Each structure stands twice: as C-alpha cells, then as structure tokens.
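Participant: Protein chains in written order, with the numbering used here: chain A, 10 to 319; chain B, 10 to 319; chain C, 10 to 319; chain D, 10 to 319.
Because the hints were derived from the structure by calculation, they are not lab data. Incorrect hints may appear among the rest.
Each pair may be met inside one copy or between any two copies, as identical chains are not told apart.
Below 30 Å or equal to it, Euclidean Cα-Cα: the simulated DSS-like pairs (lysine-lysine) are [what the hints assert, rightly or not]:
{"id": "1", "residue 1": "Lys-86", "residue 2": "Lys-143"}
{"id": "2", "residue 1": "Lys-226", "residue 2": "Lys-124"}
{"id": "3", "residue 1": "Lys-143", "residue 2": "Lys-248"}
{"id": "4", "residue 1": "Lys-143", "residue 2": "Lys-49"}
{"id": "5", "residue 1": "Lys-197", "residue 2": "Lys-49"}
{"id": "6", "residue 1": "Lys-248", "residue 2": "Lys-106"}
{"id": "7", "residue 1": "Lys-248", "residue 2": "Lys-124"}
{"id": "8", "residue 1": "Lys-226", "residue 2": "Lys-12"}
{"id": "9", "residue 1": "Lys-281", "residue 2": "Lys-143"}
Since this is a predicted model, take the numbers as computed values, not measurements.
4 protein chains.
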Amino acid sequence: MAKLGVGVLGVGTMGKQHAQNIRRLIPEARLVAIADADLKRAQQVASELEIEHAYGSVEALVERRDIQAVVVVTPAKFHSAAMRVCTQAGKDIFCEKPFTLTVEEADELLDLTAKAGVRVQVGHVRRYDPPNVKAKQRIEAGEIGDPVIFKSLARDPAPPPVSYMASGVNGMFFALFNDIDTALLNMKFSRGTLGAVENYMQSGYGYDVRTEIVGSKGTIITGYLQQTAEVVLTATGAKTDIVDHFLVRFAEGYLNEMRDFVQTVLADREPKVDAFDGRQAVAVAAAAERSYRDGRAVAVANRARSSRAA
Amino acid sequence: MAKLGVGVLGVGTMGKQHAQNIRRLIPEARLVAIADADLKRAQQVASELEIEHAYGSVEALVERRDIQAVVVVTPAKFHSAAMRVCTQAGKDIFCEKPFTLTVEEADELLDLTAKAGVRVQVGHVRRYDPPNVKAKQRIEAGEIGDPVIFKSLARDPAPPPVSYMASGVNGMFFALFNDIDTALLNMKFSRGTLGAVENYMQSGYGYDVRTEIVGSKGTIITGYLQQTAEVVLTATGAKTDIVDHFLVRFAEGYLNEMRDFVQTVLADREPKVDAFDGRQAVAVAAAAERSYRDGRAVAVANRARSSRAA
Amino acid sequence: MAKLGVGVLGVGTMGKQHAQNIRRLIPEARLVAIADADLKRAQQVASELEIEHAYGSVEALVERRDIQAVVVVTPAKFHSAAMRVCTQAGKDIFCEKPFTLTVEEADELLDLTAKAGVRVQVGHVRRYDPPNVKAKQRIEAGEIGDPVIFKSLARDPAPPPVSYMASGVNGMFFALFNDIDTALLNMKFSRGTLGAVENYMQSGYGYDVRTEIVGSKGTIITGYLQQTAEVVLTATGAKTDIVDHFLVRFAEGYLNEMRDFVQTVLADREPKVDAFDGRQAVAVAAAAERSYRDGRAVAVANRARSSRAA
Amino acid sequence: MAKLGVGVLGVGTMGKQHAQNIRRLIPEARLVAIADADLKRAQQVASELEIEHAYGSVEALVERRDIQAVVVVTPAKFHSAAMRVCTQAGKDIFCEKPFTLTVEEADELLDLTAKAGVRVQVGHVRRYDPPNVKAKQRIEAGEIGDPVIFKSLARDPAPPPVSYMASGVNGMFFALFNDIDTALLNMKFSRGTLGAVENYMQSGYGYDVRTEIVGSKGTIITGYLQQTAEVVLTATGAKTDIVDHFLVRFAEGYLNEMRDFVQTVLADREPKVDAFDGRQAVAVAAAAERSYRDGRAVAVANRARSSRAA
C-alpha cells in the first residue's frame with residue numbers, strides 16, 4: 010500500500026508530538042520532512058526522529074512532491090498564512106486549533122480551501138479522546154436521553170510564557186484578552202441544551218480536563234485526575250498524584266486524531282472535524298469575548314456548513 | 010442544665026427530620042410540641058416521636074410558655090407570616106431556607122426581629138456539612154491560596170409535585186420561574202472571585218450535590234455520589250449505587266445545624282447563619298431571575314449587615 | 010406497644026455506643042440500667058444518657074424485673090461468667106464478639122442457654138453493615154455466580170493497650186498469641202470456597218476494613234477509606250482523609266444490629282446471628298492458632314447447629 | 010550510535026507486543042528478524058512490522074551476525090532449550106517468565122549462561138510498571154516504614170485454552186497443577202515480612218492486577234480497575250468499564266522493560282531482573298506446589314546469587 014507522505018510545520022511541544030506519532034506509530038504514513046521557522050529546531054527534531062529533511066519555511070516544505078499533506082502546528086497567528094501556502098500547493102491540511110484568530114480569516118480560508126479542493130482537518134483532540142468518544146456513542150444510543158446541560162472545565166497547571174500567549178497559540182481567550190487566565194462561559198445551544206465552560210490557566214496542581222453531559226435520563230462524566238495507579242495511605246491521609254501535562258492526558262487522543270487524518274486522506278474521505286467546525290469554534294470564542302466586554306448575552310455568528318469542492 | 014424548649018412548625022419531610030433530631034439526638038433540647046396546618050399530621054408525628062402536644066397553628070404553638078424557640082419549616086410562602094407571629098411572641102427562630110420569597114419581605118423581617126431582639130437562624134445546611142466545613146477551614150488556613158472560582162451543582166433525582174413548587178418552598182427559582190427546572194448562573198463576587206452554579210431538578214440518577222473551590226494554589230472538591238460502600242464487578246463493568254435523597258446526603262449536616270441552633274440560643278450567642286445571610290441569598294436569587302429575564306449581568310441589591318438589637 | 014427493658018453490662022467504648030443507640034435511636038426499647046465493674050463509670054454514663062439506674066455488677070443488674078434483655082460488653086474473658094448469670098436469671102442476651110475464649114466454654118454455653126430457653130445473639134456487626142448486607146443479597150440473587158474466594162482485611166490504626174489485649178476482648182488472636190498483631194489466614198470452606206483473612210493492628214493510617222467476594226461470574230468489593238467527602242488538590246497531589254475509628258466505620262451497622270436484637274426479642278424470633286454462629290467463629294480462631302503453631306492445615310472443630318429450647 | 014540488533018523468538022500475543030515495541034518505540038534497537046515454530050506466523054508478523062527476515066527456528070535466527078540479542082517468548086516448556094541455543098551462539102537473552110519449568114533447569118541455565126558470559130534478563134513486567142516502580146521508590150525512601158505484609162492479586166477475565174496451559178507458558182501453577190485456576194498462597198520472607206498472593210483465572214469481569222504493601226507507618230495500593238475515564242450515572246447507579254487485557258494494563262511496563270533490556274545490553278550492564286531472580290520465582294512456585302500437595306508450610310529452595318562470568 011502506498012504510504013501518505015507527510016510534512017510537519019512547527020515542532021514545538023505539540024508539533025513534535027504529532028511528528029513522533031506519524032514517524033513511529035502510524036505505519037500508513039511516512040514522515041518526509043519537518044519545517045520550522047527555527048531551522049535548527051527543525052534539524053534537531055528531524056535528527057531525533059531519524060528522518061532526512063528539515064526546512065526553515067513552509068514554502069520550502071510544500072515544494073516536495075513526495076509530501077501530500079501538511080500538519081500545521083505553528084503559533085496560531087501564522088495558521089492562516091501557512092494554510093494559504095499549503096492550499097496554493099494543493100496539499101491537504103491538518104491544522105491545530107485554533108483554526109484562525111478571527112471569524113473573517115476563518116471564512117476566507119473556508120472558501121479558499123473549498124475552491125481549491127484541499128482537504129482540511131482541524132485539531133480537536135477531544136473528539137478522539139477515548140472517554141469522550143465513548144460518551145458520544147452513549148448519547149447517540151440514547152443512554153442518557155436528551156442532552157440538557159454540557160459542562161466542561163480545562164485547567165492548566167501554570168500559565169504559559171507571555172511570548173506564547175502573545176502568539177495566540179492557544180485560542181481566543183489568550184489572543185484577545187491578554188490579561189485573562191480565568192474564564193467562565195455559559196451558552197445556550199439552538200436545540201435548547203445549556204452549556205457551561207470553565208478555563209483556568211494556573212491550577213497549581215496539575216492538568217485537569219473534565220466534561221459532564223447532563224441528560225434527561227442520566228449523566229456522563231469524563232476525565233480523570235490520577236496519573237499513576239498508586240494510592241499512598243499514611244497518618245496524613247490518602248494521596249495520589251495528578252496528571253501534569255496535556256500530552257499525558259491526551260496521548261491516546263492525539264495519536265487517534267492523526268491516524269484518522271492519515272486514513273481520511275488515503276481513503277479520500279471527508280474529515281470528521283473539518284474547517285467548518287474549526288470556524289464555528291472561532292465564532293463561539295469571538296462571541297464569548299463580545300459578551301464579556303458588553304456584559305450581555307451575545308448570539309454566535311453562524312454560516313451555512315460548506316463542504317469541500319468536488 | 011436547663012433544656013431548651015422547642016416547637017416545630019411544619020412537619021413535612023424536612024420538618025419531621027428536624028423534629029426527630031431535636032427529640033432523639035440533641036439532649037440539650039426538649040421537643041415540647043409540634044404544629045402543622047394539617048393537625049392530623051402534627052398529631053401523627055407527635056405520636057411517632059412520643060411527645061404530648063400537637064397543634065394546628067403557629068398561634069397555638071407560641072402560646073406555650075415552655076417553648077423558647079420555634080423551628081419554622083412551612084412552605085416558603087408562609088415563612089414570613091410565621092416568623093412575624095413568633096417575633097411578636099418573643100420566640101427565637103430557626104427558619105428553613107429560603108428565608109422569604111422577596112427581598113422586601115426579608116428586609117422587613119430583618120428590621121422587625123432586630124427591633125424585637127429575637128434571634129433568627131436561617132437553614133443553610135451546607136454550612137454544617139462536614140466536607141464543606143473542612144473545606145472552609147482549609148481555605149481560611151490558606152491551603153489553596155486565594156479563592157478564584159466557586160462552583161456548585163445541585164441535582165435532584167426528580168422534580169417535586171407541582172403543588173410543592175407552587176408553594177415556593179424550595180427557593181427563588183421555582184417560586185419565580187415556575188416552568189424552570191434547569192438553571193445555570195455565573196456570578197462575580199466583590200472580591201473578584203467568580204461563581205458558577207447549576208441547579209437541575211430531574212437528574213434521573215440520584216441526589217447529587219457537589220462543590221468545587223478553585224484557588225490560586227489548589228482546589229477543593231466536596232460531595233460524593235456513592236451511598237453504599239459496595240462495588241460490583243461483572244462482565245458489564247464496575248457499578249455502584251448513587252445517593253438518592255437529600256436527607257441521606259445531608260443527614261449529618263442537618264443534625265449539626267440544629268444542634269448548633271440549640272446551643273446558640275442556650276448560650277445567648279449570635280447565630281452563625283443569621284437573617285442577614287438569609288436575606289442575601291434571597292437577593293442573589295432575585296438578581297439571577299432579573300438577569301435571566303433581561304439577558305444581561307445584574308448587580309445584587311445589597312444592604313449593610315445589621316445585628317440583633319441588644 | 011410495650012417496650013423492651015434493656016440493661017447494658019460494660020460501658021467502655023463499645024458498650025457505651027450500644028447504650029446510646031438503645032437510649033436514643035431505638036424507640037422500641039427502654040434503657041433501664043447500666044452496670045459496670047467500675048461503678049463510677051456506670052454512674053457517669055447513666056448520667057450522660059439521662060437514665061436513673063447504675064450498678065457495679067451483673068448480679069445487681071439482673072435482679073431488676075423490668076429488664077428483659079442484657080447486652081454484655083465486658084472484656085471477653087468475663088463474657089462466659091456474665092452470660093451464665095443472665096441465663097440463670099432468664100434474661101435474653103446480646104453478647105459482643107468474641108462469644109467466648111475457648112470452644113469448650115462456647116459449647117457449654119450453647120447447651121446451657123438452649124436448655125434454659127434463653128435467646129442469645131452474638132455481635133457480628135458486619136452482618137448489619139449496609140455494604141455487606143447488600144453484598145449478601147446480590148450473592149443470594151446470583152449476581153456473581155458461585156462464591157470462589159472470600160477475602161477480608163481489618164486494620165486498626167494503632168494497637169490497643171496491653172491491658173486491653175490481656176483482657177482477651179478482641180478475639181482469639183490477641184487472647185491466645187499475645188505477641189501477635191499481624192495475621193494472615195487461608196481457609197477452605199466445606200463447599201469449596203477459599204478464604205483469605207488479614208488482621209493488622211497498627212496500620213498507622215486509619216481504620217480500614219474491606220471485603221472482597223470473588224465469584225464465578227463477578228466480584229463484590231465492600232468497604233471504604235475516605236471519611237469526609239472532600240478531595241484536596243495541590244502541587245503535592247490529590248489527598249483525602251481516612252476513616253479513623255471503628256465506631257465511625259460501623260456506626261450504621263451497630264445501630265442496625267441492636268435494633269434487630271430488640272425487635273427479635275419483642276417478636277419472639279430466633280436471632281439472625283446466634284450462639285452457634287458465635288461458637289463457630291471461636292472454633293475457626295482456635296483452628297487458626299493451632300495451624301500457626303503446627304505449621305500445617307488444621308480442620309475446624311464442628312458441631313451440629315442447635316437451636317434454642319422450645 | 011550503533012543500534013542493538015534484536016531477534017524475537019515466538020510471536021504469539023506477548024511476543025508480537027515485544028516485537029512491536031522494539032520495532033516502533035525503541036530507537037536504540039533494530040528489529041532484525043522474527044522466528045516462530047510457525048513460519049507463516051513469523052512471516053506475517055514480519056510483514057506487518059515491515060521487516061525483512063522471518064525464520065522457522067531459533068537455530069536459523071541465531072546464525073545472523075547482525076543479531077546481538079534474542080527475545081525468547083516461546084511457550085514456557087521450550088524456554089530452556091531456546092536459551093541453550095542462544096547461549097551457545099553467544100547471544101544475550103531476554104526470556105519471558107516463567108524462566109523455566111523446574112528449579113533444576115533453572116540452576117543449569119544459571120550455570121551455563123554465567124560460564125558463557127551471556128547476559129540474561131527475565132521478564133517481570135511489574136518491575137517496570139509505573140505504579141509499582143513508584144511504590145518501590147517510596148518504600149526505599151521510608152515513606153511506609155518497614156514492609157510488614159505484601160499482598161497481590163492477579164485475575165484474568167477468562168482461562169486460556171487448554172493447549173496454552175499444557176504448554177506451561179504461564180507459570181508453575183498451570184504447568185504443574187493442570188486442573189487449578191484458583192490459588193491462594195501465604196508466604197513468610199526471611200526478613201519477617203508476610204506475603205499473600207491470589208491468582209484467579211476466570212474473573213468474568215476483566216483483567217485485574219492489584220498490589221498492596223502494608224508497612225509499619227503506612228500502606229501503598231497499586232493497580233486500577235477502570236480503563237476508560239468515563240462514569241455513567243443513570244437510574245441503575247454509577248458505572249464504569251474495567252480493564253480487559255494484560256497488554257492494556259501493562260502497556261507501559263512492557264515498553265519500559267524492553268527499553269531497559271536494550272539499554273542494558275548496549276551499556277554492558279547487569280540486568281535489573283536477571284536469571285537468578287527468574288530462578289527464585291520458579292523456586293517459590295515449586296514450593297507452593299509442594300505446600301499445596303502436602304498441606305503444610307514448605308521452605309523455598311535457595312541458592313547463593315551468582316553473577317555473569319567476567
């Protein structure tokens with residue numbers, strides 16, 4: 010079977026993980042080359058992963074004929090430009106979240122990639138996280154009835170450096186609010202379900218991501234705190250450790266996600282999480298920001314779902 | 010030591026529990042009489058608890074000289090009138106939440122009882138719930154740093170009958186909204202802490218009350234799901250039961266609360282949870298209702314803390 | 010309804026708990042008097058529980074006509090003598106475990122009480138502990154198939170004083186072995202089920218009692234570690250407290266057990282846990298001791314189940 | 010850096026997992042060839058893992074000069090013969106447990122490999138399982154004081170086919186007892202620590218491996234039941250799934266173990282778990298069998314620890 014030739018653009022913590030997964034654990038893909046604005050870093054990661062080619066720009070990367078798909082893991086503010094270059098070169102795209110920094114950018118890219126017939130998958134790792142996948146199956150099977158409330162919390166152990174937040178890499182809240190590391194958001198979905206989301210960037214205790222879907226007949230809770238299956242009992246009580254990093258918490262999800270992208274491209278299918286989904290997430294974040302600034306409920310700017318040109 | 014003579018007004022589920030605790034488990038008190046608008050019910054409970062006196066009205070109850078304190082557990086819409094009668098008779102008062110149905114009523118009662126020198130404790134069982142008590146101690150000791158987010162959820166297994174909700178017994182949301190059994194509320198406290206509260210009246214699976222206090226150095230989670238310490242492992246997975254009733258979940262809290270009321274009156278102290286606290290809870294609920302109707306953030310109507318007249 | 014008149018003999022930690030339960034929480038019984046070799050202690054507990062009569066001997070206690078049943082909670086080495094006095098006086102008996110110190114004593118008492126038609130219930134609190142009760146129901150309903158292995162562990166936070174152990178109060182191991190505070194015991198039941206029991210007297214961390222019944226189709230685990238429903242998350246991990254005392258762990262069991270005894274006597278029924286069951290436990294402990302001394306498997310000395318004389 | 014050339018002998022479930030780990034996840038090693046008595050299976054696995062060479066015998070495998078180490082994962086009854094061939098060829102050896110079927114075989118191999126200067130590591134995955142590794146560190150750091158009791162249970166969801174058990178692959182109990190799938194074993198270590206081990210081959214609910222080390226100052230519990238971090242709450246209670254396979258439970262342990270073997274050979278170090286350790290496990294199993302047959306305590310046949318010849 011022909012393998013999918015893949016290039017990875019941006020090999021910080023997240024990009025390197027994607028590159029490793031492609032290199033070691035997805036036999037259907039061949040990691041052809043790595044690119045990073047920091048060429049030395051690209052070369053270093055290429056050497057660690059025992060592959061030959063490293064570049065300092067997306068332009069150099071997309072010149073390679075043996076690359077059919079590019080995984081974009083740059084800082085968020087460069088996503089848009091990088092995807093334009095990939096689109097022009099006819100490469101299929103996997104782009105880490107957030108898809109773009111503004112709804113306008115997102116809409117332009119949606120149109121552009123659809124017109125060019127380029128496939129775009131956006132990274133939403135929870136769609137591939139086993140407990141969340143199972144929860145979705147149960148909901149679809151009716152185990153908890155109709156969803157009534159969706160609750161989510163995401164806590165990082167410590168805030169990233171200012172430089173990182175300035176890069177807009179981790180979503181709207183940091184890109185737009187700058188000074189905000191704690192956010193509560195209530196939502197009402199068009200079908201009536203309520204939503205409540207919490208983000209906190211300095212939990213102090215670990216990396217904690219939990220979801221709760223409350224339904225008319227039951228509730229599903231996903232997520233976990235304990236990393237190592239060890240409980241210590243002493244005179245001071247019972248204690249366990251706590252997951253400390255998102256790459257630990259979502260290790261399986263990231264692998265499943267990238268494997269699905271590779272298989273999707275090879276099978277010439279539509280992505281499960283496409284540019285439209287990425288655009289909607291950006292629209293929600295933008296609405297949340299406006300709601301915060303105006304102190305009132307704000308409607309999310311919608312558009313009709315578009316699909317990749319034939 | 011002289012015992013505190015207590016009368017209980019209203020012996021539905023909650024009132025009967027208070028009466029039992031006073032009768033059996035608080036030796037410093039003597040349950041003198043029970044009153045209920047339904048005289049037969051009053052007599053029935055009196056008989057079960059092996060006490061002599063049962064009445065059909067608060068007026069009859071407060072005539073007894075050997076009663077120094079009245080526990081008001083009527084439907085919420087009668088709280089205000091009942092407390093007026095008790096105040097007039099010079100009886101100290103324990104009133105179940107909600108204190109009143111409106112802020113105006115609450116303010117009037119605050120003034121009235123203060124002027125009469127009548128002691129008022131309002132029922133807020135979580136203040137006496139062991140995990141919440143411990144959490145408070147930890148927070149005061151600085152274990153989790155400064156509180157950043159307060160989260161709370163309360164889920165009942167099934168909604169109460171319409172008659173019950175019409176009585177306004179269970180707080181603002183039901184008294185005012187009538188048709189609402191699901192509510193999400195975000196708050197911002199004056200010290201900057203954020204709050205997120207969920208109420209859901211038909212979980213389908215059990216009685217579930219959990220709290221999470223997120224601080225700058227750590228987080229405390231209180232509450233539990235499992236009622237019986239038994240895990241069953243079979244081919245379909247691991248399963249446990251779930252707490253099914255608020256009297257199970259808060260059994261210890263209700264006892265601690267009533268014991269504290271009795272000891273507070275006997276020792277001639279100020280209540281830990283007084284009429285002012287009860288009034289503030291009413292004000293928050295009223296603001297939540299307005300916010301819901303207007304689709305915007307609403308400030309809580311505050312007043313200065315008043316204390317019982319000397 | 011006539012109440013059962015009860016006397017409690019021996020009011021150390023355990024006896025006082027039984028006395029309190031009878032006095033406060035079992036309306037079908039009337040706690041008439043307390044006796045203790047230490048008369049002052051008997052008087053002190055009587056005063057705390059607001060009852061009139063306190064005695065310094067079982068002989069004085071059983072003279073009372075208004076006492077129909079005696080709860081024996083003396084040190085274990087006095088159980089046998091106390092039960093003889095009660096039997097002679099025609100009082101029904103609740104005796105804390107261990108029933109006696111030797112199989113011979115147990116057999117004599119079995120015969121004696123059967124002949125006298127005196128009802129004997131032996132304290133085995135786990136039979137009344139909610140998770141264990143539920144487990145039994147499930148097993149009988151076939152939920153885990155045929156029992157294959159029974160596992161049990163019991164850990165005390167710290168060993169009792171030497172004086173206590175010398176009194177033989179807590180069972181065979183301490184009475185007979187003296188110097189032993191850690192024991193592992195494997196058993197084979199006549200129906201083929203295997204058993205493994207652990208006892209450890211100085212866990213250092215708390216009071217920990219767990220049971221695991223492994224069946225041909227599933228397993229049931231009972232017991233719990235956490236006392237307060239509070240989890241604290243900080244940079245050092247997640248921590249909870251641990252149950253610290255057997256009266257906390259088995260509070261509900263002790264109440265259920267005594268209530269069942271009272272109801273059993275009032276209804277003139279056979280006890281659920283009778284002298285024969287108590288005798289069998291003594292026989293197992295004696296066999297365990299012999300096995301330990303001889304380094305080989307030892308058969309338990311059985312006798313046919315006898316029932317109370319008509 | 011030169012990579013370690015490795016051949017894998019035996020690619021059933023376990024052998025294939027080792028081969029995959031070497032091929033994909035241990036960059037310091039190169040998987041050169043696979044051998045299996047079933048040549049077709051060897052070829053199939055070689056093809057899946059994208060390597061060139063597949064053989065039908067250990068003799069063919071060890072002829073390759075580019076193989077420095079052989080991973081032996083045959084049925085247990087062939088371990089001994091396979092290791093003799095590897096030793097003769099001067100290859101370092103990783104052998105899955107059990108090391109051999111008898112103490113005599115083990116002793117011969119110990120002498121033989123020591124004389125030949127061949128390095129032998131025996132597979133004991135729990136030494137590399139993160140919770141067990143952490144537990145060992147804590148014990149060595151004195152966190153729980155002196156170990157008093159070691160408890161272990163291992164439950165398989167369903168017994169393997171008879172052919173598998175006849176092959177002696179999974180240790181003494183099955184090889185020797187044949188008809189036994191449930192075993193309880195008590196031990197006393199020379200330092201005084203007690204041990205209690207349970208093995209059960211048909212739990213019906215999942216793959217469950219737990220350990221408890223009870224110390225003079227605290228206790229450590231390792232192991233877990235839940236595979237997917239999802240809790241479902243419905244009217245029938247709370248439920249989770251359960252780990253179903255040893256390759257899931259010990260995925261990380263198997264990888265850590267093989268990586269350590271590769272690094273040990275490359276660094277010319279002594280293995281952490283060597284032939285002597287493997288021999289001791291065989292001796293314990295043999296003693297357990299004798300104890301079972303004779304109904305009495307049996308001493309383990311010891312020998313002095315030997316090390317690899319210089």
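Participant: Evaluate each hint against the coordinates.
Facilitator: Okay, the hints, checked on the actual structure:
1. Lys-86 <-> Lys-143: neither (33 Å within a copy, 41 Å between copies)
2. Lys-226 <-> Lys-124: Result: close neither inside a copy nor across copies, 44 Å intra and 50 Å inter.
3. Lys-143 <-> Lys-248: Both: 29 Å inside a chain and 13 Å across chains, each within 30 Å.
4. Lys-143 <-> Lys-49: neither (41 Å within a copy, 36 Å between copies)
5. Lys-197 <-> Lys-49: For Lys-197 and Lys-49, neither the intra-copy (47 Å) nor the inter-copy (47 Å) Cα distance is at most 30 Å.
6. Lys-248 <-> Lys-106: So Lys-248 and Lys-106 fail the 30 Å test inside a copy (35 Å) and across (33 Å) alike.
7. Lys-248 <-> Lys-124: This pair counts as neither: shortest intra-copy Cα distance 56 Å, inter-copy 47 Å.
8. Lys-226 <-> Lys-12: Intra 45 Å, inter 46 Å, cutoff 30 Å: neither.
9. Lys-281 <-> Lys-143: Cα proximity of Lys-281 and Lys-143: one copy only (16 Å, versus 39 Å across).
Hints 1, 2, 4, 5, 6, 7 and 8 from the earlier list are contradicted by this structure; the remaining hints agree with it.
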